[in-house]
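So the protein lines, in turn, are chains D and W.
Letter by letter, the first sequence follows residues 1 to 360 of the numbering used here.
Letter by letter, the second sequence follows residues 1 to 360 of the numbering used here.
These are calculated hints, taken from the structure and not from any lab test.
Among the hints, a few may not be true.
Just so you have them, the derived chain W footprint on chain D, three or more residues with Cβ under 8 Å [to be verified]:
no.: 1; stretch: 118–125
no.: 2; stretch: 194–202
no.: 3; stretch: 240–251
Note that CB positions come from ideal geometry on N, CA and C, so glycine has one too.
There are 2 protein chains.
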Amino acid sequence: MSRVYNFSAGPAVLPEEVLKEAADEMLDYKGTGMSVMEMSHRSKAYDTIIKEAEADLRELMNIPDNYKVLFLQGGASQQFAMIPMNLMKNKVADYIVTGQWAKKAFQEASIYGKANKIASSEDETFSYIPDCSDLPVSEDADYVYICENNTIYGTKFHTLPNTKGKTLVSDVSSCFLSEPVDVSKYGIIYGGVQKNIGPAGVVIVIIREDLITEDTLPGTPTMLKYKIHADNDSLYNTPPAYGIYICGKVFKWIKKQGGLEAMKEHNEKKAAILYNFLDESKLFKGTVRKEDRSLMNVPFVTGDAELDAKFVKEAKEAGLENLKGHRTVGGMRASIYNAMPIEGVEKLVEFMKKFEAENC
Amino acid sequence: MSRVYNFSAGPAVLPEEVLKEAADEMLDYKGTGMSVMEMSHRSKAYDTIIKEAEADLRELMNIPDNYKVLFLQGGASQQFAMIPMNLMKNKVADYIVTGQWAKKAFQEASIYGKANKIASSEDETFSYIPDCSDLPVSEDADYVYICENNTIYGTKFHTLPNTKGKTLVSDVSSCFLSEPVDVSKYGIIYGGVQKNIGPAGVVIVIIREDLITEDTLPGTPTMLKYKIHADNDSLYNTPPAYGIYICGKVFKWIKKQGGLEAMKEHNEKKAAILYNFLDESKLFKGTVRKEDRSLMNVPFVTGDAELDAKFVKEAKEAGLENLKGHRTVGGMRASIYNAMPIEGVEKLVEFMKKFEAENC
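This is chain D alone, in the form it adopts within the complex (with noise of 0.2 Å):
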């Protein structure tokens, strides 16, 4: 067994720790004599875990009482829809676009009700973070819409946006865990799983109490109501358990870190060596502006796509893999979420110092 280090935008790295005892426990879950995959979702022992879990991340996020925790299915794109259906009491929704998801999700959101773009960043490829201190916030706005970190464009939001007094939902897919965040800022704090935190398969919806209610637009599936899982403890029908599991296990594997604290640390110092080495070099070049760069997306170019191309392919030859930058960039990303290793930055840097004496 030898492994990669992987820079894979999503799915993505996950602790190596977390993987052995997943392995370990596949036929025989801590004594049960089955695997987490055959439990009855119902079981003591499944209970165990997803209670657990939601413990761990209560903890770990500093979750306040009167939020809701979920673990539903369907991807962020599912959460697209879900929220609207659920939160525009007015039918009006303000939506910040830095990239192709929040696009997606300001799109979606105009199917059940009018749908604000209020910023955008699309006229530079997406490659800032607009400032959003004093935004056109719509009077009746049921929330204004954010995606904090856009995996594709290597962006941040390090502000949250002045909302004037309304709902705040962000998608943190892309940055979940990776630092510390006070959620009371929040209305809906949401992301799939399968970048920081798990397999893909599984999205987590931390919602605020108040904003779960019966009160859906007409024609809304029971599957996406948020009040029938928050009922239900997101078990009104099988849930997506042994995801949910593998999430478990990584919340254990980030407090044992030291928490998002820790986390944050870890991640500021990998960044800081790529950028660092970006900043200096003669051949590669970061495409964000330097004040809403991403600790977790890293893009960049050479500005020759045949050089980008490559460089990606030799990276792949010397165990560095997934660094091919998304189509509607081009160029390179790494990936840096939590689980990767400080060592993964250090060989990407390394190959990129060698590729740039070799090819500049």
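With the hints as your guide, set chain W onto chain D.
Quick look at chain W alone, frame taken from chain D:
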């Protein structure tokens, strides 16, 4: 490590061989240097996994070319909405209500149009399948809906209903791949995989192409449109990738056993052992009309709730797990899906005989 015989109704027992392979590949899938959980769903390695899974399923079920195979999320419960949202062009659908799941599907469809209950077996706690040879199928029905195997009540449609030319939609969650099936008789045949195929969090929808249209009900979320998933080969967004990988392994395992003919033989043999004993037992009694018995789920009672509880407790101590019946039926239920070995059923009957001798 010691494995129990797990009679859970779902999530349920999986082939030990499949779990062993998954454990072995957990940290390094076939030399990729990563777990399938960590793999981009757009990677070559994953493309092979999902394509092979589909090809193997097509081969096993002999799926005609004019049917699409979709790997989706949200379970059968989400299909309860997705089906009417996509198929109810006339806003009329007929439901045959043979259990709790068919009833829930019927109720959900009522949100979207006129759902007619054209037959039901609720009068006798769903212990039989109604005669469906000449039902009052609505002239403008967009489809006729059944739940083909009723997990809770242990009944199975051994003859498909006469839909008088209307499209048949069938939930086969608890009999998926348990015997050969003529897919061409259905418009949609679908099921959650967590009973006979894989881990919870994947639902497989086999749908005739002419039913996949742009013309969905107003307000249908993008993620609930069959066309979006069909056009993107189940990769519109990140799929439940690890779950699909396990399903693929189970498909290969079934092929190795000899396909669905062999599965049927195996399942009939197992079921006969249990039903034959129930028919001669002085203590235990099956709850289902004989001609409607399921090969997969076998409910039985002693007629004495205390004795039932004693049986479940002592069986568990003997390594026979999850035999408690559903709360709406009481008594016991043995789910004996594909992956339950014949020895499991033999051990169960042996234990029942011993219990009968001690308590009768």
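8 Å C-beta test of the stretch 118–125 of chain D against chain W, three or more residues: violated (count 0)
Assertion that chain W covers the stretch 194–202 of chain D - criterion: three or more residues, beta-carbon distance below 8 Å: Holds: 6 residues of the stretch 194–202 of chain D have a Cβ under 8 Å from chain W.
Outcome, coverage hint (the stretch 240–251 of chain D, chain W; C-beta under 8 Å; three residues): Coverage by chain W holds here, the residue count being 5 at a Cβ distance below 8 Å.
The structure does not agree with numbered hint 1 stated previously, though it agrees with all others.
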